[in-house]
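Protein chains: 2
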Amino acid sequence: MSQYPKSPLMGRMMSQPLLISSLIKHADRYYGNIEVVSRRVEGDIHRYTYSDCHKRSKQLANALNKLGVKMGDRVATLAWNGYRHLEAYYAVSGSGAVLHTINPRLHPEQIAYIANHAEDLYLFFDLNFLPVVEAVAPLCKTIKGFVMLCDRDRMPAETKIPNLMCYEDLIADCSDEYEWPLFDENSASSLCYTSGTTGNPKGALYSHRSTMLHSYASALPDALNVSARDVVLPVVPMFHVNAWGLPYSVMLTGAKLVFPGPALDGKSIYELFEQEGVTFSAGVPTVWLSLLSHVSQNNLKFSTFKRTVIGGSACPPAMMKTFRHEYGVDVVHAWGMTEMSPLGTSCTLTGKHVHLSEDAKQSILEKQGRAIFGVDLKIVDDDGHELPWDGKTYGNLLVRGPWVIEAYFKNEGGDVLEHGWFPTGDVAVIDEEGYMQITDRSKDVIKSGGEWIGSIDLENIAVAHPAVLQAACIGVFHPKWDERPLLVVVKKPGMDVTKDDLLKFYDGKIAKWWTPDDVVFADSLPLGATGKILKNKIRETYRDYKLPTA
Amino acid sequence: MSQYPKSPLMGRMMSQPLLISSLIKHADRYYGNIEVVSRRVEGDIHRYTYSDCHKRSKQLANALNKLGVKMGDRVATLAWNGYRHLEAYYAVSGSGAVLHTINPRLHPEQIAYIANHAEDLYLFFDLNFLPVVEAVAPLCKTIKGFVMLCDRDRMPAETKIPNLMCYEDLIADCSDEYEWPLFDENSASSLCYTSGTTGNPKGALYSHRSTMLHSYASALPDALNVSARDVVLPVVPMFHVNAWGLPYSVMLTGAKLVFPGPALDGKSIYELFEQEGVTFSAGVPTVWLSLLSHVSQNNLKFSTFKRTVIGGSACPPAMMKTFRHEYGVDVVHAWGMTEMSPLGTSCTLTGKHVHLSEDAKQSILEKQGRAIFGVDLKIVDDDGHELPWDGKTYGNLLVRGPWVIEAYFKNEGGDVLEHGWFPTGDVAVIDEEGYMQITDRSKDVIKSGGEWIGSIDLENIAVAHPAVLQAACIGVFHPKWDERPLLVVVKKPGMDVTKDDLLKFYDGKIAKWWTPDDVVFADSLPLGATGKILKNKIRETYRDYKLPTA
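For the protein sequence lines, the chains are A and B, in the order given.
Here this note's numbering is used: the first residue of the first sequence is 684, the next is one more, and so on.
Here this note's numbering is used: the first residue of the second sequence is 684, the next is one more, and so on.
Calculated from the structure, these hints are not laboratory results.
All C-beta atoms, glycine included, are put in the ideal place defined by N, C-alpha and C.
Careful, some of the hints might be misleading.
If you want the footprint, here are the derived chain B segments under chain A, 3+ residues with CB under 8 Å [as the list claims (entries may be wrong)]:
# : segment
1 : 732-744
2 : 908-917
The calculated DSS-like cross-link candidates involving lysine-lysine, where the alpha carbons are at most 25 Å apart (straight line), are [what the hints assert, rightly or not]:
#  : chain 1 : residue 1 : chain 2 : residue 2
3  : B       : Lys1035   : A       : Lys689
4  : A       : Lys753    : B       : Lys689
5  : B       : Lys689    : A       : Lys1093
6  : B       : Lys738    : A       : Lys1035
7  : B       : Lys1035   : B       : Lys1075
8  : B       : Lys749    : B       : Lys738
9  : B       : Lys1220   : B       : Lys1130
10 : A       : Lys1061   : B       : Lys708
11 : A       : Lys708    : B       : Lys1195
What follows is a list of derived Cβ distance ranges for each label pair [as the list claims (entries may be wrong)]:
#  : chain 1 : residue 1 : chain 2 : residue 2 : range
12 : A       : Leu1039   : B       : Gly1097   : 56 to 66 Å
13 : A       : Asn1219   : B       : Glu862    : 56 to 66 Å
14 : B       : Asp1065   : A       : Asp859    : 57 to 67 Å
15 : A       : Ser858    : B       : Met693    : 27 to 37 Å
16 : A       : Leu1039   : B       : Met1178   : 23 to 33 Å
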């Protein structure tokens, strides 16, 4: 912050850096008896308290010190959501090293690329990733040791992995006396690579300051709204932008924490919700599809589940309505990016809206929402000129704020900012009240005769049809209009619908000229490592598709 | 923050100072149409929006610039809660100057002392304080001009005040184009003097950083819990620790804001609650006495009022129960100090408590609560040794955190910290779950035969008696025990109770030896400028009181 001029009169307040270690110290002191419950990779349920977690995190910090890990060194994890991963979150960042969470769904070569790029010194991994690590280990040039997150009796009898250690052995040897160091709050705390669909993955390098400000902001009533009465189950993985900051905000607020481990199917999640009294969860839409289908097929209800934040990709309005009206679960639509720690906006009503009709409320709640304080948004045209907030004008969405990156790790990709703003690669409209709605990814927008058609709107309508499971809309070549929309649909098992039915379904829901020119049915859609539909793959598949209108 | 070591690897996040101006920019952009409603000193109701407020704040910032106000200069206010005061909050701090809010209930000589000590350059004041300002003006050596917060037609025809300006004229001449400057976040933003009962008043000099971190923390679900659906009426004055930060947190969250002006009687407050749909309010217990008595006497109900935060002094349990059980209003007990911006703790339940009986919940909610994340607490004995958190051991309460002072303005009072912790002057117990309960001010605690008796507990029991309006308990001389408790009571109008009835009322509620030795009845109790009962005055009155037990 030193580049900003100082006033001749400075405040006389205590100087304390914003550090991640202060979260676990706070949780230990004020919520020491609150539980952390984990469904483990081993299959059983593990439970302990925030005080236990603090104790073991301090043991791990001492272990890292013994291993020679120093401030700024990168320590990687390849793990599901669980208590040992949580200990790594606090021990690595808290001791001044940098936690590098790797997405295990990536291809081994990508994992190795990322580990080498990050120059990771150690890799902590869940036991079910042993085969992945065996494949990756020979490719990783900087990793000095591998730590398997398990007890001694789960360790493999023999392995090709050099310097393989057992997590429980490693920390058992270490004292739980540890003084968390104080250092500059702009020091790096954690590293997360974007799952870029083009080019090499690029790292977002968070600081303690950015993480702590994000933690305060994300717990606010209009963001994740986490309180000491909540029981929080992060379905969003800890390797995916720090599980949207939930491992931090639960310690800030004293909420009970429930980890699902690798069991992300509807049945397992539902059981954990009911057994542990989960009140709040967060994840991408694809996960909720599986949960809702389990609940509906078995005529179940949620006893304690009250609120979910859905992000990662737009939540289909039909899913939002099902949650709200059939199960009484409030859905908060949120939007963010790896480059934004990740939270940028959340969609909640203001006092002006509480007396609106249900339909009017719903149409607001389908938007991505307003900026969470700290973040600012704007939309610009291709020349960088700011566009009006009228709810109609499409523009490239730019963001800034203290938890937005200024550059990627190692300056990968060079200067990414546009006059101090980060270009999100999304296309959005913003209305008069500041509600932002993503209409498309810049590269997914369909350009028909010079006008922009938002593919997401078309997909949302399609998935509202009772026979449609998933839908993707892409622009394909048209001799007159340059591009016209093609709808690719996966039907629900045992359900049927025709092309004509689907196209008729658009009547009155959208401008006539936005209606797709054609529909094709597919068995499945290609998904990326974070569960998002890979539009570029679909565009490749249908590159030479000839529209009947062409 | 520069005294802390940097990591070899710094984060790559945007560098943005935490500045108060970002709040009003945010409110303008994302909550521009949300209202600010003020009952004015003039008597009428004024309403405008956050966008209007931003526009006029920028005009005022330009006006301050014209007046020659520079970064770090102090600008004072002597004003009730209202929209012009709000504009001063943002224009003064936002432009880099320091807002010095003065308590108009102080004696004119104290006001002059404070203004001279702060070296205020200008004083902005409400029109009803004209006589006070006329008395004070000749005593103020540094003030170059006085600005009356009113229209031209309210200005006095003649006055003894030198360089008296009209607020509306002042800003009418100025453009609403203004670029809020960026500067170091540790720059001073505002100044508030403690109403010390002994010695000269001392100033707490807040920074932009401390104010912004406090704003995030105070809006959290377990603190003030402010959302965009709230309508907030701060009864706590803006000259009293920045109205507990509410003028900031409403802009952070988009809540509608309602200002009561000087009309703090029960009837006026109630009318504003009902007219404007107030959901949330905050103030000291004495204000709520008047509101509850108006509501009860007229058989009224609250239509929208749901939640209040009570602080400043301990909330009598009887008041908490009345609010909760008769009116369905949740009371959150909070504790803080001018030296803490002011919020330190708030009392809410955790998930462990939600299934407890009403009585068990009530006994938790009567405590001052757990530290809001950012603040840390400890209790120590007179030698500075930390005492256990067992819910029984009394100790001197110490605090630290990024919104706690490290010293007073101009180092008044010298080194105030004890090994980095601020001594609050309160005596407290902390239980196993981290809930803190103030048992007394260090100087109010009654020392009977080497043991400490908490005066607050004794007062709480007294005011739970149906005939008691107010009560104060002080230690008076006893030849055997050094001190024994004397209860001073003000009866409710038209109600009667005897000494023996009152002493019997303590039976079974408290250890026998804590029961006061005597009761005296008074017509009223002396109140300080912030509405607190002045125990030192009462102690003076009864200095030579002879107890019947002596």
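Here's how the hints hold up against the structure:
| no. | hint | verdict |
| --- | --- | --- |
| 1 | 732-744 | violated (count 0) |
| 2 | 908-917 | holds (count 7) |
| 3 | B/Lys1035 <-> A/Lys689 | violated, 46 Å |
| 4 | A/Lys753 <-> B/Lys689 | holds, 13 Å |
| 5 | B/Lys689 <-> A/Lys1093 | holds, 18 Å |
| 6 | B/Lys738 <-> A/Lys1035 | holds, 21 Å |
| 7 | B/Lys1035 <-> B/Lys1075 | holds, 21 Å |
| 8 | B/Lys749 <-> B/Lys738 | holds, 17 Å |
| 9 | B/Lys1220 <-> B/Lys1130 | holds, 19 Å |
| 10 | A/Lys1061 <-> B/Lys708 | holds, 13 Å |
| 11 | A/Lys708 <-> B/Lys1195 | violated, 39 Å |
| 12 | A/Leu1039 <-> B/Gly1097: 56 to 66 Å | holds, 58 Å |
| 13 | A/Asn1219 <-> B/Glu862: 56 to 66 Å | violated, 42 Å |
| 14 | B/Asp1065 <-> A/Asp859: 57 to 67 Å | violated, 31 Å |
| 15 | A/Ser858 <-> B/Met693: 27 to 37 Å | holds, 30 Å |
| 16 | A/Leu1039 <-> B/Met1178: 23 to 33 Å | violated, 48 Å |
Checked against the numbered hints listed earlier, the structure breaks hints 1, 3, 11, 13, 14 and 16; every other hint is satisfied.
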